[in-house]
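Construct the entire structure; sequences and hints are all you get.
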Amino acid sequence: MRFSTPTFLLLPLIFCLLVVTGCDSSSDDGLVCNLEAGPITTGATATVEYSVTFSGDVDLESVTYTADAGAQSVTNATSPWNLTRTVPAGTTVALSGDARVRNGTANISMVVTEVSGGGTFTVSDSDSCSQTGS
3 MRFSTPTFLL
13 LPLIFCLLVV
23 TGCDSSSDDG
33 LVCNLEAGPI
43 TTGATATVEY
53 SVTFSGDVDL
63 ESVTYTADAG
73 AQSVTNATSP
83 WNLTRTVPAG
93 TTVALSGDAR
103 VRNGTANISM
113 VVTEVSGGGT
123 FTVSDSDSCS
133 QTGS
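Each residue of the sequence shown is one higher than the one before, starting from 3 at the first, in this note's numbering.
Hints listed in this document are in silico derivations from the structure and should not be mistaken for laboratory results. Ideal Cβ positions, reconstructed from N, Cα and C, are used throughout, including at glycine. Zero decoy hints are in this set.
Computed beta-carbon distance windows for the label pairs:
id, residue 1, residue 2, range
1, T88, D31, 33 to 41 Å
2, E63, G135, 15 to 23 Å
3, T66, G120, 33 to 41 Å
Written out as structure tokens, the structure is:
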């Protein structure tokens with residue numbers, strides 16, 4: 003089979019276009035982050051401080067906190083997002099968030115403070131995700 007000059011020149015160009023448009027650049031879509039703090043089960047009545055912060059180009063897709071009423075989802079959370087709850091002994095608490103990060107940072111944290119037997123006990127957990135560059 004013999005190709006004419008214009009067809010011969012077009013085939014490599016078409017191949018290159020297919021290769022370039024078929025690739026998905028993760029830097030354009032950002033880094034998908036599934037952030038988790040906890041679970042922590044309280045040994046006494048406790049105060050739980052939930053916190054979510056982000057900076058840069060971050061889309062916070064969801065925030066879910068767990069307290070004595072079970073898992074609760076928060077929509078349209080902005081940074082900083084903070085919530086304090088008092089929970090009874092034996093409650094499992096947790097915090098999670100899903101974010102897409104492009105040249106920024108997303109952080110979640112949870113601080114559990116119990117007062118029992120004349121002492122104060124604090125337990126914390128956190129998670130973060132970041133992406134830098136263009």
